[in-house]
Structures are given as C-alpha cells and as structure tokens.
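There are 2 protein chains.
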Amino acid sequence: MTVKKPLVQALQGKSDCQIPLWMMRQAGRYLPEYKKLRAEAGDFLSLCYSPSLAAEVTLQPIRRFDFDAAILFSDILVVPDALGQRVWFVTGEGPKLEPLDQNDFSGLDIGKINSHLAPVFETVSRVKDGLEDNKALIGFCGAPWTVATYMVAGEGTKEQAPARLWAYQDEQAFSRLIDILTEASIIYLKGQIEAGVDVVQIFDSWAGSLAENEREKWCLEPLRKISRAIKEAHPEIPIIGFLRGAPLVYQEMAKIADIEGVGIDTASDIDFARETLSGKKTIQGNLDPLALLAGGDALDEGIDRILEGFGETAFIFNLGHGILPETPIAHVEYLVAKVRAYSKATRGA
Amino acid sequence: MTVKKPLVQALQGKSDCQIPLWMMRQAGRYLPEYKKLRAEAGDFLSLCYSPSLAAEVTLQPIRRFDFDAAILFSDILVVPDALGQRVWFVTGEGPKLEPLDQNDFSGLDIGKINSHLAPVFETVSRVKDGLEDNKALIGFCGAPWTVATYMVAGEGTKEQAPARLWAYQDEQAFSRLIDILTEASIIYLKGQIEAGVDVVQIFDSWAGSLAENEREKWCLEPLRKISRAIKEAHPEIPIIGFLRGAPLVYQEMAKIADIEGVGIDTASDIDFARETLSGKKTIQGNLDPLALLAGGDALDEGIDRILEGFGETAFIFNLGHGILPETPIAHVEYLVAKVRAYSKATRGA
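Residue numbers (the working numbering), protein chains in the order written: chain A, 1 to 349; chain B, 1 to 349.
Accuracy of the hints is not assured; some may be wrong.
Said to hold, decoys possible - Taking lysine to any residue pairs in the SDA-like style, the calculated list, with each CA pair at most 25 Å apart, reads:
| id | chain 1 | residue 1 | chain 2 | residue 2 |
| --- | --- | --- | --- | --- |
| 1 | B | Lys96 | A | Lys36 |
| 2 | A | Lys255 | B | Gln169 |
| 3 | B | Lys128 | B | Glu40 |
| 4 | A | Lys158 | A | Ile76 |
| 5 | A | Lys338 | B | Gln169 |
| 6 | B | Lys280 | A | Lys255 |
| 7 | A | Lys255 | B | Phe272 |
| 8 | B | Lys217 | A | Arg274 |
| 9 | B | Lys217 | A | Glu308 |
| 10 | B | Lys255 | A | Arg274 |
| 11 | A | Lys36 | A | Ile329 |
Said to hold, decoys possible - Simulated restraints, written as ranges between beta carbons of each label pair:
| id | chain 1 | residue 1 | chain 2 | residue 2 | range |
| --- | --- | --- | --- | --- | --- |
| 12 | B | Glu326 | A | Gln251 | 30 to 38 Å |
| 13 | A | Ala254 | B | Glu221 | 28 to 36 Å |
| 14 | A | Thr157 | B | Ser125 | 40 to 48 Å |
| 15 | B | Glu326 | A | Gly130 | 36 to 44 Å |
| 16 | A | Pro99 | B | Glu301 | 23 to 31 Å |
| 17 | B | Pro32 | A | Gly279 | 52 to 60 Å |
| 18 | A | Glu155 | B | Asp133 | 45 to 53 Å |
| 19 | B | Gly84 | A | Glu33 | 44 to 52 Å |
These are computed hints drawn from the structure, not numbers from a lab. Beta carbons: idealized from backbone N, C-alpha and C, even for Gly.
My request is simple: use the sequences and hints to build the entire structure.
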C-alpha cells in the first residue's frame, strides 16, 4: 500500500486529509543549521549547484519541524544563469545580473538548461532518498514575468519599472523574452519532475505591479502554457500557481484547468479567496510572515482566521510570503503545534 | 449663475458632464518650470511652507495643460512635522524622520496643527485667487496608516515592515498613534476646506501591504472616521479615498456613506472596479504612469481601455499612481487632447 502524502491529497481536492503544512523559504536564514552551512558553503549559487549541500539544506526544516513538504533549495535565477546571462549574489544586496541587451538577446540558449541544471536535478534525487514516504517534495521555478524583471534590470527594482517600461515600449521583443522563459521553465520543471519531485510551484512574486491587461499577457498566458505542457507530459503531477499581489487574479486562476493549487498572499481577503477558489482549486496560504515573527496574539489571531476560513475546504497551510530571517524558532514550533492540533481536532488526522 | 466645475459635477455623480482630468503629482519634476523653481527654492519642506512658491507650483500644470483641477502642492509628511516629529528630505533618498519613540510619543501635539500649517492654508487661498471658476482645487492629506509607516520607520521601507510589525507587537500603542493621526488629519483637512479647497483626497499609498483585518483596522476605520467628521462639518465638500494596492477594498469603500470618490490604482481591474463602484461612487483613475512615459501604442491602448471602461459612468480621468519625472511633456499633451476629444464626442462637453 502506498503511503499517502497529505500535500498531494490536498492538491487532489481532499478536504478531510491532514491539513498539510509547509512554509515558503522554510530552508533559510531563520535556521541556525542553515546559517552554519551557508557560512561554510561559499557563494550562494555554488550552494544551489552543490547537490549534497543543497539536499542537506532542503531537508533541514523537515527534520526540525516535520513539515509535510520539502521544497527544493534553489533560486529562481538559476534559469537566466542556465540561459547564459551572468548571475551573482551580493550579500545584503540580493541578486545581480549582467543586464540584458534589449536589442540582441539571441545568445540566450535554452539548449543548455538540462546540462547546466543537472546538479539541481541531482539534488532532487538526493532529497527524495532522504524523505519519508508521507512527505512531498516540491519543485519550482520563477514565473517568466518575475524572472524577466530581474533579467531586464540586472537586479530587483522598485515596482519592476524597467521591465514594465520595456514591455510597453517594445512589446514584440519583450514577448520573445517571455516566450524563451516559458520554454525554459517547461524544460526545467520537466527535469525536476523526471528527477523525482511530487509537486511543482510556479512563483510569480511580481505579478502585482502589472496593469490588468499586461498581467494577462505576461503572467496568466505563460502560466497557462507552462501548466498545459507539464500536464501533457506528467498528468499525475499537481501544479501550484502563486501570483503575488494580485488578488483578483484568483478569478482567472480558478479557470486554468491544468493547475490544482493557488497560492494566496498575505494581503489577500480570506472570504474572497474561498468564494472564488473553493471547490475548484486547492488554496495555499496565507499567514503574514510578520505575524509569525511577532508571535503572541497577532500570531494566534492570524492562524485562527486562516483555519476558520479555509479549514473545511481543500487547503494547504502556508505563509503569504517567505519566512523572515529574524523569525524566532519557537514561533514556528508554536505554529506547527497549533495547526496540527486543529487538523487532529477537526479532521481526525 | 455659478460656473460649473467638472470635477465637482463628477463627484456629485454626474456622468454627462465633461470628463474631468487631472494627474497625481501633476505639479512635479517632469515640468521644466517646476524644476527651475525647485532649484531656486531651497529645501523641499521650505517650498511646501512658502505660500507664494507653493501656489505658483500648484498652478503651473493648470496653465500648461488646462487640467480640471489643481491639487495643493504639499507633502503628506507636513502632518508629522506639525505634530513635532522632525522631518527632512534628502535629495535622491526621499523623506527622513527622527524615528518615533515607540514607548513614549506623548510629545506629539495636535494642538500645533493649525498654527504650524497656516502657510499651507495661505497657499490654498492664493491658489483659489489664481484659478478660473471652472477649475476645482483639491486639498489632501496622507491617510493615518501611510503617514504612520514613515513615522515609525523614519523613512520609506520595503513593504512597510517596521510599522506592520509594531502594529502586531503592540496593537494598543499603534492604535493610539493612528488615533492621533486621524484627529490630526481631520483638523488639517478642515483647515484646508476653510481656506478654500473644493474637494479633498485622502491618500493611503501603502494600504496594499496590510493583511485583510489589519487593513480594516488601520485603513478603513480611520477613513470612515475622517470622512464622517469632514462631512459633518462641511457636507458640501466631496471626499475622494485612494487606497493603493488593495483592489478588493473597493467593495468596502462602496459602502462608506461619506466619501463620493474612489481612486483606483494602476493594477486594478477595470471591469471589477466598475461593477463594484459604478452607481455608488465616482471612479478616479487609473492609467499606468509607465504607459504615459512610454507613449505610442501602449499609451493609446491604456487610454482607450479606461475610457471604454468608465466613460459612461461618473468618472474622473487620472493616473493610477503619480506621474514619473522622466515623462515627456508631449505625452501629457497627447493624453489631454485624447481625453478631451473623447469627452466632446461622447458627452458633447
């Protein structure tokens, strides 16, 4: 008999399984064991490309908190790196990229994705070997729009103005870049699935800065294409879409046949999300990482509101954005215990 | 016979008057005449507190573009300055404030608002004298939440984390600060109205970073209180609320009896905004400032979409956020001509 993975059950639409629980950026700087390994690992991309270290980092939060899912430790910018655009990380400043030549980016080469990212696929295999059967392994990529914002500007930018401006000024060229990233994302996710991930999540962190029709072109249409291609090749793998900062987009996401899960962000209205998505998609979210950091009443109220809002539907407990480095471990332990107790009390699992 | 002001007519719910047109930050750095005056004026706050210069700056865009409304040239941070918290502006870095002592901010004194901000009220009187009768003068303040984010952190911050964290950690104290700012905003707006503004707008630029229930406490409840107090004292003055980054909040704003207008931001869905607000509130927005900067097809499509979406309802054409300093004057001229031609063709005015 196959052991059930609560994360996969929830993504199959079950609302009576144990409420699965994981946290965005759960392998990260709030963990002392991560900081220790990080300090020894050299630069950040080398850590992403070291299967033994990346697998260890991926497993750390599972050992400590018994989360229901591990998420591959990597970065969304390994894709431009694999395409041939130079990427590096400056401590305290975030990612830097050699800015794209907007007049000629024909050098970007999707032919190198599989070979360049082979170490990531190797990480997936190693994590799988270290995970119990009831735990899911989540693979991921950045959505084309979000990755493009960094490729265009060479760094994170306020409201993603450089990429949005280029998209207005030369829609054809920008559309070619999005197409390249859509194709690259499909290849990359397929590689992760073939290496063993159980679920994939597509992160569109900067969807919220786009005007409505731009969001349709640069976020929703690529999400439809990627999820379609993944589903055709791997119909058994559930897909979670996470478009941050654009709550109304859930109405459109509810209609995308090839995704099973919708990640909702910190600022999203719980009633609206449930009314829009419940019965159609599995909802994942949305505790404010600052409430987790603060603890106390704010944390209790935040957890209660989410469990009351989503507890009776197909649901995955998560944060609404990545966990913050300053978060006390004890607050995470408290969160886990509280969600587990609620699940046991209301679902018997 | 009184000359009609299209902005006021639109805020009274009229959908057959000339479509009123103004732009957030219309008095600003994209204008050569502003940059010239700015260079001569000394520091930014001195400019805000100089009635002759501030009035001149307020009127510059009306002379150049014949907009339907002038908006008082000032800054949302004159309120903390008037309350006794030191505020200054560093060129290229934005505002700086002596960070608030979270354990003791009893020194903040609403008793000084009227005297400290007397030069702003004087600016209002001067602008009124220089405006034709068909032009409206808009007064404004920052909403308590948005102003508080700067007061707590001492500067602009990523996703307003310091203020959000404090609100979680010490809700009572934060609530006291919001109450002070609510009271200060009421006094300040009343002063502007008594000096002659025709309409007031309350800017909550950072509403979008808050979780749903926090937004209710820190944005919507203060907006209800401020608009109630203003309406009681000045029932004839229309009020526009602008909560940026939280499109679902329009459902709540549609129910606030004391506001007439709802500003909608760049990322907002046009159909949703119309369905939620039309017939209840006058809609104001929402061209992407980057589309105005880009010009060409992006600008045409952006204007067309807005006019088609809102042209038949009570509506004020505006940007979805402030105009950017790099915006070509010719693009603004094009925008004005296009909106005027549409209004003439569809409304005969």
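Checked hints:
1. Lys96(B) x Lys36(A): This hinted pair is violated, its Cα atoms lying about 36 Å apart.
2. Lys255(A) x Gln169(B): violated, 39 Å
3. Lys128(B) x Glu40(B): holds, 24 Å
4. Lys158(A) x Ile76(A): holds, 18 Å
5. Lys338(A) x Gln169(B): Since the Cα atoms of Lys338(A) and Gln169(B) sit roughly 20 Å apart, the hinted pair holds (cutoff 25 Å).
6. Lys280(B) x Lys255(A): violated, 30 Å
7. Lys255(A) x Phe272(B): With Cα atoms ~17 Å apart, Lys255(A) and Phe272(B) stay inside 25 Å; holds.
8. Lys217(B) x Arg274(A): Measuring from Cα to Cα gives roughly 22 Å; hence the hint holds.
9. Lys217(B) x Glu308(A): holds, 20 Å
10. Lys255(B) x Arg274(A): holds, 22 Å
11. Lys36(A) x Ile329(A): It holds: about 15 Å lies between the C-alpha atoms, which stays within 25 Å.
12. Glu326(B) x Gln251(A): 30 to 38 Å: holds, 34 Å
13. Ala254(A) x Glu221(B): 28 to 36 Å: holds, 31 Å
14. Thr157(A) x Ser125(B): 40 to 48 Å: holds, 41 Å
15. Glu326(B) x Gly130(A): 36 to 44 Å: About 52 Å separates the Cβ atoms of Glu326(B) and Gly130(A), which means 36 to 44 Å is violated.
16. Pro99(A) x Glu301(B): 23 to 31 Å: holds, 27 Å
17. Pro32(B) x Gly279(A): 52 to 60 Å: holds, 57 Å
18. Glu155(A) x Asp133(B): 45 to 53 Å: Because 50 Å falls inside the window, the suggested range holds.
19. Gly84(B) x Glu33(A): 44 to 52 Å: holds, 47 Å
In summary, the structure is inconsistent with hints 1, 2, 6 and 15 from the numbered list given earlier, while agreeing with the others.
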